[in-house]
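Peer 1: All chains should be modelled from the sequences, with the hints used to inform the complete structure.
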Amino acid sequence: MTAFNDPNLPFLPPELEQEIFEIATLQHPDSIPNLLLVSRRVRQWVETIKYRTIFPHHQHSLSIRHRSTCSEDELLEAIESKSKSADFFRERVRHLFVEGLDETELETVFSVCDNIRSLVILSELKHPGHFFSLKQLTTLRPIRLGLYFNELVQATDTQSPHPLLTSVTHFDLFDMRLKDDIADRLALLPALTHLSIWRSSATPGQVSAVLTSCRKLKALVAIDNWRKEPFPEFHTEDASYSADLRVVSVILHNPQYLHEWVTGTYGGIDFWARADVFIGKRRRGEIEASTRH
Numbered sequence: 000m001t002a003f004n005d006p007n008l009p010f011l012p013p014e015l016e017q018e019i020f021e022i023a024t025l026q027h028p029d030s031i032p033n034l035l036l037v038s039r040r041v042r043q044w045v046e047t048i049k050y051r052t053i054f055p056h057h058q059h060s061l062s063i064r065h066r067s068t069c070s071e072d073e074l075l076e077a078i079e080s081k082s083k084s085a086d087f088f089r090e091r092v093r094h095l096f097v098e099g100l101d102e103t104e105l106e107t108v109f110s111v112c113d114n115i116r117s118l119v120i121l122s123e124l125k126h127p128g129h130f131f132s133l134k135q136l137t138t139l140r141p142i143r144l145g146l147y148f149n150e151l152v153q154a155t156d157t158q159s160p161h162p163l164l165t166s167v168t169h170f171d172l173f174d175m176r177l178k179d180d181i182a183d184r185l186a187l188l189p190a191l192t193h194l195s196i197w198r199s200s201a202t203p204g205q206v207s208a209v210l211t212s213c214r215k216l217k218a219l220v221a222i223d224n225w226r227k228e229p230f231p232e233f234h235t236e237d238a239s240y241s242a243d244l245r246v247v248s249v250i251l252h253n254p255q256y257l258h259e260w261v262t263g264t265y266g267g268i269d270f271w272a273r274a275d276v277f278i279g280k281r282r283r284g285e286i287e288a289s290t291r292h
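So the sequence shown is residues 0 to 292, counted in numbering that gives the first Met the number 0.
Hints in this document: simulated from the structure, not taken from any laboratory. Some hints could be false.
In silico DSS-like cross-links for lysine-lysine, where the CA-CA straight-line distance does not exceed 30 Å [stated by the list, open to error]:
1. Lys-134 / Lys-83
2. Lys-178 / Lys-125
3. Lys-178 / Lys-215
4. Lys-178 / Lys-217
5. Lys-81 / Lys-134
6. Lys-83 / Lys-178
7. Lys-178 / Lys-134
8. Lys-81 / Lys-125
9. Lys-217 / Lys-280
10. Lys-215 / Lys-125
As the structure is a computational prediction, the values presented were derived from the model and not from experiment.
Peer 2: Here is the structure:
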């Protein structure tokens, strides 16, 4: 009789065993190569966690509660090695944050990772009009999305949204200056409920137009990474903007965005969740309506 067959040894229920290995995978990513060798069932659990959320390895990401279990480069290498089927990645990759891959590499990734729920594209695109016209991009249906909207506009017309946007509820715009017709374009998004922009990227008139045109919009988060008192000019120049209960100001430094994004993918309290709570308190009169942050 081997030790593994000894009936006197303690036995853990499979669901508890799975939870233990998943926690170990998340909290100790460096142990993944060893965990993959434990058994076939453990390998399945670990690989599911490993490839679920992909984001870059950064020095500042070490402070993130859930550190990166797989970077964008590691994902690309795994796909190009063809050691696993396209279905393997399609079934596992759910949240993707890319900033260092070029257009050809992104095309490879999206050719198999087409069931993504949360997507951030910060990569430098040399030909954005062509890139966003790729078939791989038109079949993606993320719920949460972050990108440079002006680049995406190059591949769309003014009458219908890009297919990538048809299911988006939470949209982060990274543009430093939004185009004049931003309200008209955002109004085409059928599911949009939450929008974030840089404080200086839009005029008061543009913001008011967005609030009016996007009927389902529940929150507009205006992000500032340095100012202690956001939007003083908005308060004086546009009364309808300053009175709208859906507008929230957030101080968020660039490295913090990745932290917030990762937190959200794991169901944690990110800036969107805090904004919803804040707006709810404002509507119930628990805080003054004029309070913005």
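Peer 1: Look at each hint and say if it fits the structure.
Peer 2: Taking the hints in turn, this is what the structure says about them:
1. Using a Cα cut-off of 30 Å, the hinted pair Lys-134 and Lys-83 holds, with the two alpha carbons roughly 22 Å apart.
2. For the hint pairing Lys-178 with Lys-125, the CA-to-CA distance comes to about 19 Å; that is within 30 Å, so the pair holds.
3. With a C-alpha separation of about 21 Å, the suggested pairing of Lys-178 with Lys-215 holds against the 30 Å cut-off.
4. Simply put, Lys-178 and Lys-217 have alpha-carbon atoms about 22 Å apart, close enough for the 30 Å limit, and the pair holds.
5. Of the supplied pair hints, the one linking Lys-81 and Lys-134 holds, its CA atoms being roughly 21 Å apart against a limit of 30 Å.
6. Restraint check for Lys-83 and Lys-178: not satisfied, since their Cα atoms lie roughly 42 Å apart, outside the 30 Å limit.
7. With a CA separation close to 25 Å, the supplied pair Lys-178 and Lys-134 stays within the 30 Å bound.
8. For a cut-off of 30 Å, the pair hint linking Lys-81 to Lys-125 stands: about 27 Å separates their Cα positions.
9. Note on Lys-217 and Lys-280: the hinted pairing holds, with a Cα-Cα distance of about 14 Å set against a maximum of 30 Å.
10. A C-alpha spacing of about 34 Å is found between Lys-215 and Lys-125, which places the hinted pair above 30 Å, so the restraint is violated.
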